[in-house]
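Asker: Take a look at the letters that make up each chain.
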Amino acid sequence: MIQYFQDFFHRHGTALSIFLLVTVGFWIFLMIVLPQAFMLDFSFRFNLPPAKVGGPEDVYTLSNYKFMVYGSAGNPDSFNVIDVTVFFRTILAAIFVTVFDLALCYPIAFYLAQVAHGGWARLMVLSLIVPFWVNEILRAFAFRIMFGSNGVINSFLITVGIVDEPIDLIGANIALYAGLGYAFILLMIFPLYNAIESLDKNQIEAARDLGSPWWRIHWRVVMPFAKPGITSGCTMVFMLSAGALAAPQILGGPSSLWFTQIIYQWFNTGGNWPRGSAYAIILLVSCIVLVLLMMRLFKVRLGEIGR
Amino acid sequence: MSANVELDDVWIRFGDFVAARDVNITIEGGEFFSFLGPSGCGKTTILRAVSGFLAPSQGHVRIGGQDMAGIGPNKRPTALIFQNLALFPLMTVWENISFSLEVRGAGKAERRKKADELLELIALPGQGDKFVNELSGGQRQRVAIARALAAEPKVLLLDEPLSALDLKLRQHMRTELRSIQQQVGITFIYITHDQGEALTMSDHVAVMSAGVIEQVGGGTNVYDHPESAFVASFVGENNLFSGKVSKVSADRATVETNVGNLTAATPKRSNGAKLKRGDDAYVFIRPESLKFANGSNSFDNTIKARIVQQEFEGNLWQVFLDAAQGKHIKMSMVNDGQSLGYDSGSEVALGFPSELAVALPRGPLAAE
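In order, the protein sequences belong to chains A and B. For the first sequence, the numbering used here gives the first residue as 1, with consecutive numbering after it. For the second sequence, the numbering used here gives the first residue as 308, with consecutive numbering after it.
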C-alpha cells in the first residue's frame, strides 16, 4: 500500500498527486459516502421534534421500513397497498422506459458508429445534443402541450382521420413515457456508440459473407460485442428513470404516481425526513439489486462497464 | 464443387478515381488464381466485387456462369478470408467454424460434427472449445480457412491472409493452403503483394498495376516472359538498361544503352504491340541469367563491369557490380562449392544469351 502511494507520487509528482488524492477523496467521501451515510442513519430513526433529537427517545428503529411494507397501524389491508403498488409500478415503468430507449437508440448508435461518415455523422450527433440545451422543466411542459388533448399529436391524428375524438395521451401515461424516454436517449446512445464503434467492420462483413441475414449479424456479432455498452446505457437509463421526479410530476397522468413523488412528499409536505430516507434507501437498494441481477443474467462483469 | 469466375469488362470507380479498369479475366473452376500487385493497385477492390461487397460501376461478374448483379455477399457461393481474419472473438473456435451452418439453421449436433471434421482437416483436432485469442497466429489462420470452407463455397477468396505471419510460418502456410485447395478442389482466388506467394501457389497469376491487369499467365510465364516493364520490374529481381531501339528482327530487338548495344527477346504481347526502330525501350536481364564471360563461353551480349561487393547467402552468391556510367548491376550465382574466382575490385566481363533477356517498351516501373 505504502509502496503503491510512493509509486503514485513518483509518477505524477507531489503537487499533482496531492491534488488528485484530495479532489477524488473529497468527491468520494464528502459528496457521496457521507450524505448517503446520513440518509441511511436517518432512515433508522424516529421523526422527532428538534428538541428531542439526541434525547432518550432518539433510538434506532425499523418502523420507517415497516411503514413502507405494512402502512399505518390503522391500515385495514394486509400490506401498504398504495406505496407498494406505486413502488412496483415505478420499477416496471422504468424497465419499460429502458427497453424502449434501448430499442430506439441501438439502431441510431449502430448507424452512427458503423455506417455514417464524416460531416453527416457529426451533424447527427449535434442534432442529438443540441435539444438538450433546453432545460428539463421547459421540455416537460412543451411535451405536455404537445401531448395535450388539443396538442399537435391529437390534431394530427384527427386531421388524418385515424381517430375521431382526442386521445387522453397524458392520462394514458404516453406523455410520461415519451418524456422520460426522450430525456435519457443520450445516456443510452453514447455508451452504445462507444461500444459499437470499436467493433471491427470486417466482423460484420465476415458474418454477412458467411450467409448471415442482418438480424443474426446483430444478434450474434454486434450485440455480444456491445454488451458492456448496452449494460452501462441500460443501467443509467433505468436508475435515472426510476429516480426521476420532474417528468412524472409534470407529465404523469392524474391517477399515476411515481415512487419518487411519494419520497418527495415525505420529505417535503410530510416533513418526515426519516421516512423519506427509508423510502429512498429502499428504492436505491432495489435498483442496485435489480441491476446486479440483470448483469448476472446477461453475464456482464462490473469491470466491463467501465470500459 | 467448384465454379469458374468471369470478370467481363469490369470497371470500378470511386468518384473520379478508377480502382479497376476494363478487367477481363476468366478464372477456371478449381484453379488457384492469384492477383499480384503492389498495395493500392486495385486487387482488393476486385476481390470485393467478386464477394459482393462492392458492385462494379460497369461490366459483369459471373460465378458459374450466373451474373452476380444484385446478389448480396450472403447469397453468393463465395467465402472470403479477410486480411485480419475477422474471427469472432466472443465465440469458441467450433462456433466460429460452424457459423455458416448456424445461419442455415443446422442443429447443434450437426454443427459440432462439421466443425470437428474441419478441425481435423486443418490439423487442429480437439481445439474446438478454445476461444480464438487462445490460439497462435498460424492456428487462427487455419480456423479462418475452416470457417470459410464450412460454408461450402464454390469459390474461396483470400485477401492477403498470410501477411501477418512471420516468414517461416508464411512459407509453411503456402504449402498448406495449396494442399488444402487440392483436397477440397474448389476455386481459390488469392490476393497478394508478395510475388513469392503468388508464384509458389498459383496455377495462374494476374499482375496488376494502378487498376489495370498488366498480364495474366502461369507463374513461369509471368516470370520468364513479362509483357510490360511493370511486370518485369515487379515480379522478381531484374537489371534494367534503358535506351533506344536500333534494330529489330522477328523476335529480337537491339537496344543502344549506356553499357553498349544489348540484344534481347521481344515477347509476344497480348495487345499485339511491337517494338519499332527508334522506340524508347528497356532491356531486362535477371541476376541469375548473368554469367562471367571468360573465354570458355561465348554470349551474344557482354557488359564490362567492376565487382563492388560480394555477398554470400549460403546457396547463392550475390555479386554487385558497377558498369559504365555508374550503372549498378546485380548478379546471382549458385554456390557450387567453388570460389567465384574474382575479388572485389576486379574488372570482369558479364555475358548473357539474348533469349534470357527481354526488350520492352518504356513504361511505368514498379516502385522500389
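The reader is advised that the hints may include incorrect statements.
As the list claims (entries may be wrong) - Restricting the straight-line Cα-Cα distance to at most 20 angstroms, the calculated cross-link-like pairs of lysine to aspartate or glutamate (EDC-like) are:
#1 Lys461/B / Glu205/A
#2 Lys382/B / Glu205/A
#3 Lys437/B / Glu467/B
#4 Lys551/B / Glu563/B
#5 Lys299/A / Asp436/B
#6 Lys201/A / Glu417/B
#7 Lys461/B / Asp436/B
#8 Lys637/B / Glu654/B
#9 Lys598/B / Glu620/B
#10 Lys461/B / Glu338/B
#11 Lys415/B / Glu459/B
#12 Lys598/B / Glu544/B
What the hints contain is simulated information worked out from the structure, not anything from laboratory work.
Asker: So, for every hint listed, does it hold in this structure?
Answerer: Tested hints:
| no. | hint | verdict |
| --- | --- | --- |
| 1 | Lys461/B / Glu205/A | holds, 19 angstroms |
| 2 | Lys382/B / Glu205/A | holds, 13 angstroms |
| 3 | Lys437/B / Glu467/B | violated, 25 angstroms |
| 4 | Lys551/B / Glu563/B | holds, 5 angstroms |
| 5 | Lys299/A / Asp436/B | holds, 19 angstroms |
| 6 | Lys201/A / Glu417/B | violated, 29 angstroms |
| 7 | Lys461/B / Asp436/B | violated, 28 angstroms |
| 8 | Lys637/B / Glu654/B | holds, 15 angstroms |
| 9 | Lys598/B / Glu620/B | holds, 18 angstroms |
| 10 | Lys461/B / Glu338/B | holds, 11 angstroms |
| 11 | Lys415/B / Glu459/B | holds, 18 angstroms |
| 12 | Lys598/B / Glu544/B | holds, 16 angstroms |
When each numbered hint is compared with the structure, violations occur for hints 3, 6, 7.
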